[in-house]
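Each chain, letter by letter, is given below.
There are 2 protein chains.
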Amino acid sequence: MLSEDQMKLQMQAYIDAYNRDDLDALVALYADDATVEDPVGTAPKIGKPAVAAFYQMAMKSGARLALAAPIRASHGSSAAMAFDVQLNMPQGKAVIRVIDVMTFNDAGQFVSMRAYWGRSDMQMLA
Amino acid sequence: MLSEDQMKLQMQAYIDAYNRDDLDALVALYADDATVEDPVGTAPKIGKPAVAAFYQMAMKSGARLALAAPIRASHGSSAAMAFDVQLNMPQGKAVIRVIDVMTFNDAGQFVSMRAYWGRSDMQMLA
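Respectively, the protein sequence lines represent chains E and Z.
Numbering of the first sequence is given in this note's numbering, commencing with residue 2 and proceeding in unit increments.
Numbering of the second sequence is given in this note's numbering, commencing with residue 2 and proceeding in unit increments.
If you're looking for bench data, these hints aren't it; they were derived computationally from the structure.
Only true hints are included.
All copies of an identical chain are treated as equivalent in the list; a pair is satisfied when it fits inside any one copy or across any two copies.
Derived SDA-like pairs: lysine to any residue, alpha-carbon spacing no greater than 25 Å straight-line:
1) K9 / Q124
2) K94 / A69
3) K49 / V28
4) K94 / E5
5) K9 / D39
6) K46 / G77
7) K61 / D22
On a predicted model such as this, the values are computed, not experimentally measured, just so you know.
Here chain E stands alone, though its shape is the one from the complex:
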């Protein structure tokens, strides 16, 4: 099982890869059979090609991710983090407030990601 520090480094690597628009680095964090449920309550993307297609589309938004609080680990093989998705939309700046929960395999890859956010977590900024 991964150490807490190893899980937190992978979570931070996810934020960093996203923010440099580095699709390959981001997808490499996932296991081949990983699932991504973003947002929770929608059909999961299953397997690396589907996961890669999801992030390729997401990155086109130009969104940037900013941690809202320090990344949490767990006593098991999972970790969680609260962050803000910062968006520049034609209508102005907006934010989506998200909590991601990842589970890990022993190689340190994400086997599942679940993103908790809903319509009420999106907000236009002044």
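Please build the complex by placing chain Z on the supplied structure of chain E, with the hints as guidance.
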């Protein structure tokens, strides 16, 4: 299914009940067959008596909970929140950084709670 606002109100009610040491109000937020896995990676407490015993013990610590970021809802029947557990220990003040994920039944009760934190999320403050 609950609305996002309803889920967030229940999450806030959990924080508020905990901070007034109101065990009855806190346990009333849970369904009879609820499970509590705190921290994730340990054996879950199953059913209301076990859940009540867990919180009765937890409240003896005098801990106070402070949201670290706004509560997140989801498009499904779950919500998540990042908060700090503030502790006054004989050795001084300490904090545990936690993310709780709750799932809800249609009556608005928690059917499961999972608390993501590990040893690395505990910190002694100056």
